[in-house]
Structures are given as C-alpha cells and as structure tokens.
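Quick note, the sequences are listed as chains A and B, same order. Numbering of the first sequence is given in our numbering, commencing with residue 559 and proceeding in unit increments. Numbering of the second sequence is given in our numbering, commencing with residue 2 and proceeding in unit increments.
Source of the hints: derived by calculation from the structure; they are not laboratory data. Please note that a few of the clues may not be correct.
Simulated crosslink set (DSS-like; lysine-lysine; CA at most 27 Å straight-line) [what the hints assert, rightly or not]:
{"no.": "1", "chain 1": "B", "residue 1": "290", "chain 2": "A", "residue 2": "560"}
{"no.": "2", "chain 1": "A", "residue 1": "600", "chain 2": "A", "residue 2": "560"}
{"no.": "3", "chain 1": "A", "residue 1": "657", "chain 2": "A", "residue 2": "634"}
{"no.": "4", "chain 1": "A", "residue 1": "600", "chain 2": "B", "residue 2": "136"}
{"no.": "5", "chain 1": "A", "residue 1": "657", "chain 2": "A", "residue 2": "560"}
{"no.": "6", "chain 1": "A", "residue 1": "657", "chain 2": "B", "residue 2": "136"}
{"no.": "7", "chain 1": "B", "residue 1": "290", "chain 2": "B", "residue 2": "305"}
{"no.": "8", "chain 1": "A", "residue 1": "600", "chain 2": "A", "residue 2": "657"}
Here are the computed distance ranges between Cβ atoms for each label pair [unchecked claim]:
{"no.": "9", "chain 1": "A", "residue 1": "595", "chain 2": "B", "residue 2": "157", "range": "47 to 55 Å"}
{"no.": "10", "chain 1": "B", "residue 1": "299", "chain 2": "A", "residue 2": "642", "range": "36 to 44 Å"}
{"no.": "11", "chain 1": "A", "residue 1": "625", "chain 2": "B", "residue 2": "301", "range": "36 to 44 Å"}
{"no.": "12", "chain 1": "A", "residue 1": "642", "chain 2": "B", "residue 2": "327", "range": "49 to 57 Å"}
{"no.": "13", "chain 1": "A", "residue 1": "625", "chain 2": "B", "residue 2": "95", "range": "51 to 59 Å"}
Just so we're clear, the structure is a prediction, and the values are computed from it rather than from any experiment. Yeah, the Cβ is synthetic: ideal placement off N, Cα and C, and Gly gets one too.
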Amino acid sequence: MKYACLIYADENNPEASPEPGSAAFEPIMAGYFQFGNDAGDKIAAGEALSPTNTATSVRVRDGEITTTDGPFAETKEHLGGFYVLECADLDEAIALAAKIPHAALGTIEVRPVIEFD
Amino acid sequence: MAEDAAQDAVEAAIKQWPLEGVPDRPGAWITTVARRRAIDNLRRQRVGRDKAAENARLLERLIKRDPHEAALTETALRDDQLRLIFGCCHPALSIEAQVALTLRCVCGLRTQEIARALLTTPATMGQRISRAKNKISTAAIPFVIPVDSELLQRTSAVRHIIYLIFNEAYLATSGEELSRADLAEEALRLGRLLTRLLPDDPELLGLLSLMCLSHARRRARTSAAGDLVLLADQDHSKWDDMLLVEGRTALESAMRLRPIGPFQLQAAIAELHTSGSQTGGTDWPQIIKLYDRLVDLQPSPVAKLNRIVAISMTLGPLSAIDELMPLAAELSQYQYFHSTLADFHRQLEQFSTAIPHYEQALSLTSLEPERRFLLGRISQCRRGDTGDSH
Chain A
559 MKYACLIYAD
569 ENNPEASPEP
579 GSAAFEPIMA
589 GYFQFGNDAG
599 DKIAAGEALS
609 PTNTATSVRV
619 RDGEITTTDG
629 PFAETKEHLG
639 GFYVLECADL
649 DEAIALAAKI
659 PHAALGTIEV
669 RPVIEFD
Chain B
2 MAEDAAQDAV
12 EAAIKQWPLE
22 GVPDRPGAWI
32 TTVARRRAID
42 NLRRQRVGRD
52 KAAENARLLE
62 RLIKRDPHEA
72 ALTETALRDD
82 QLRLIFGCCH
92 PALSIEAQVA
102 LTLRCVCGLR
112 TQEIARALLT
122 TPATMGQRIS
132 RAKNKISTAA
142 IPFVIPVDSE
152 LLQRTSAVRH
162 IIYLIFNEAY
172 LATSGEELSR
182 ADLAEEALRL
192 GRLLTRLLPD
202 DPELLGLLSL
212 MCLSHARRRA
222 RTSAAGDLVL
232 LADQDHSKWD
242 DMLLVEGRTA
252 LESAMRLRPI
262 GPFQLQAAIA
272 ELHTSGSQTG
282 GTDWPQIIKL
292 YDRLVDLQPS
302 PVAKLNRIVA
312 ISMTLGPLSA
322 IDELMPLAAE
332 LSQYQYFHST
342 LADFHRQLEQ
352 FSTAIPHYEQ
362 ALSLTSLEPE
372 RRFLLGRISQ
382 CRRGDTGDSH
C-alpha cells in the first residue's frame, strides 16, 4: 500500500514555519533528515513546497483557462510538502506519519494512494 | 499457524464484506474461515512435512469439535475476537462508525436493529457502516491486536466505545422510553467478552462492574407508570441480584489491580450507593473521598457536580450551593446542574428560588419521564412542600 502523507502547517507561524537560518529552523531540518534515515526506502517520493504566496490555482471552465493567485483554499494550515510512503497497512502509515517533524507542529493528513493495475 | 490463518480470514472478510455484506455472525464466520484456511495452507505445505500433516489433521478434528482440542480453538477464537474488536474500534474511524461497526460485526446486530437502537434510519445506518467498511478496505486499516506500545491506548478506546453504547441505552435524548435495555445488554456482553480476553486490564473490570451495578437497578428505576424513581425510593426486590453479584465480583478483582482509573472509582461509588441503599446507611465520607480521586484523574464538570451532591449529604445544601456556583458557567446547558441547584434550594425551603431552576432543567430535557419528574417537583414547590429529603 502507498500512502500520501500531506504535511500541513501554518506558514505564518514562525514556530511551525521558521525562516531558513533562524534558530528554530535547524532542529526541524535535522528532524526531517532523521525521518529520511528512519523511513529509509519506505519513502517512495517526497517534496517540500514553496509557500502558498507562490501558488497559482488553475481552473478550466467552458474551455477557458482561468488562473487565480493563491492556493486552492484559504485555510489556517497550508500544504507545505508531502511524502509518499510504502507501508503494509494504515497502522504502519500512522506510526511513520507521527514521526514527521510537522506532526508536532501542524497536521499530517494520511491518504491511501490509488494504485491502477 | 493459527495466527496467520486468522489474519488471512480477516483479510478475506475485509475483501468480501464490501461486496457481499457482513455475514450474520462475523466473529464465528471468521473463526470458521480461519480454520478452513489453516487446513488449506497446511495441505499445500504437506509434502515431506509430517508435522504439518499432523497439524492439519488436528485442525480437522477441531472443526468436528473434538473437546480435547478445545484449548487451541479458544486461543484462536480469542485472537480473532480481539482482532475484530480492535479493528472495529480503530481510531482512524469516526466514533459513530466505531459504535456502528462494533454493534454490527462484534455483537452481530442487524443494520435495522442498530438504526433503531441509535435512533436513526436504517438507510443512514447502512450508509455509515458501508462508508466505514470502505475506509477499512481502501486505507487498509489492519484488524490486528495492537503492539504492546499501543495496547493501553487502544484498549482505552475500546472501553470508551463500550461505555458509549451502554450510555446510549440509558441516555436516550428524546422520546417516551427511558432506557433501551437491549443496547445495555450488548454493552454488558461486550464488557464480559473483553474482560475474558484481557483479564489483566483494571479499567475493563471497572467498566464491567460499573455497567453491572447500574444495569442491576434498571427495573427499579422507573415505576409501572413509567415515572422516574430515585435510588433512595427504589424497591430493592426489583434489583437484579445476579448482576449485583457480578458487579461486585468484578469490582473486587478490579480493585486488586493497578493503576486505579476512573471506571474503577465510578464502580466503587456505584457499589457504595447500592449497598448503602440496601443497608439504609450510605457511607458518604467514603463516596466523597472516591469523588475527590475521580475529580483529580478526570476533572470533568459532571464529576465535580456529582461530588458536590455527595457533599450536600454530609454538609447540607447550603454549603453545597457555595461549591456548586463556580460551575454555573461551565454547566449552564447541563440539565442536572439546574435540577441539582433547584433540589438544594427546595431542601432549604427556598421554593421561589427553586422553581426557575427546575424550569430551566425542564427546558433542557425532552425525555418524557424526566419532564414528568421535574413538573412534579415544580408543583411540589408551588405547594410549599419539601417532599422527601433528597
């Protein structure tokens, strides 16, 4: 089973989303490095995303492309990155998701990935 | 071997249920399938493996219910039942789904029965169950006994679900009937099953004891006319002696185990109420001590309220009102806060102060027996009658 772990955090809160180079930044990065080691080859994919002020939302209606500045939804916590984890079942996925540093600083949404045979 | 086979069966169940619907008695069904799978697996490995062939014959005999092999069956059954319960009460499912799935898959109730018991329509309940089953199979929620590091937390979640089912039976939020005994029976059955499966969990025994002691009084709790009867006025001959014995036995075992948790304390309080009512002398100081510990462990406003009621029995209603008032904001929507405050004022013969609090309590319940009871209190106050002492 593949699970997408979507990492949400408040990007306006310096505790959850510290600036690179700040004191709070280093331990979080170290946490991600550690997670990468611990999860090892269970990580099928994973990326960190630039903040939502760089996002563009694209919709096509009646054949016409409209673009909007900003993320799909204005929420308190923002999608900041994701992993795709290869796990035996949801318990394993939850246990791993709980080790992602932002589980303690925001929210990890765990979603089973649909695999097309 | 038995473990693997049970796991296969549960996987088969998860794959099959969304397609074929849950069988009538899923627990038994899983065990049957598990045995059949175990035999199949053993047959496949038989070549050159005498031991495996022997095991296969052993399992075949089990199916024919050879009493000498009962122990092995019980172990397999125990694991199956635990897997099923932990799976149904998996925290990745909503509480409503956990309750519904437990009643469906562990208790074997039909969807219509669950809908009736939980005051909803069969269509809604069917949807809730099929959504839960869909999540179980899509997200691969495992039906396994949790690993040791998670066992305590997961067992606590299972207890919570059982208690919810039990409370649901007593706290019908509307309608004519005060209790739905059938749901309480299911909760009791679950409690008994779980204490057999996990005999060393102090709080499970506490929960079972609490449920037995409360349920033992069910027939005395309402009059023939369907009116509420308070504990002090209950006809003891209507209490269920068997359940009282079961409750007390469970409490004794629970109190020998550590740590002491909220269910054990509540069961101990229920026992003191019960025996006190039977002997005509309730040990209020001991009850207050237990409430102190309960409030320490679980500082809920409802526990605080119950503690204050116990205090009123030793220190009188005036001191109790002083203790109660700081909870006013927190409990403004809780009917028992208002009826308790009204009771204290009535006992002090402050009838014109009591009446509006009874009226407030009345506005917060739609349960007919409780409404009649409160209306009775109001007319009592209008007559200037303190009535009984409680």
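Checked hints:
For the given pair, residue 290 of chain B sits about 52 Å from residue 560 of chain A by alpha-carbon distance, which is inconsistent with the 27 Å threshold. Among the hinted pairs, residue 600 of chain A with residue 560 of chain A is consistent with the structure: their alpha-carbon atoms are about 9 Å apart, no more than 27 Å. Taking the CA atoms of residue 657 of chain A and residue 634 of chain A, the gap is near 22 Å; set against the 27 Å cutoff, the hint holds. Our distance criterion of 27 Å between C-alpha atoms is met by residue 600 of chain A and residue 136 of chain B, whose separation comes to about 22 Å.
Using a Cα cut-off of 27 Å, the hinted pair residue 657 of chain A and residue 560 of chain A holds, with the two alpha carbons roughly 17 Å apart. The hinted pair formed by residue 657 of chain A and residue 136 of chain B meets the criterion: a straight-line CA distance of about 23 Å does not exceed 27 Å. In summary, the hint linking residue 290 of chain B to residue 305 of chain B is supported, as the alpha carbons are separated by about 12 Å, within the 27 Å threshold. Of the pairs offered as hints, the one joining residue 600 of chain A and residue 657 of chain A holds, with about 13 Å between alpha carbons and a cut-off of 27 Å not exceeded.
In this structure the hint that residue 595 of chain A and residue 157 of chain B lie 47 to 55 Å apart at CB is violated, the actual value being about 32 Å. Residue 299 of chain B and residue 642 of chain A have their C-beta atoms about 40 Å apart, which keeps the hinted 36 to 44 Å range intact. Evaluation of the 36 to 44 Å hint for residue 625 of chain A and residue 301 of chain B yields a failure: the beta carbon distance comes to about 51 Å. Under the hint 49 to 57 Å, the C-beta atoms of residue 642 of chain A and residue 327 of chain B, about 52 Å apart, fit the expected range.
Distance hint check for residue 625 of chain A and residue 95 of chain B: the Cβ-Cβ separation is about 37 Å, which falls outside the suggested range of 51 to 59 Å.
The structure fails hints 1, 9, 11 and 13 (numbered hints given earlier, in ascending order).
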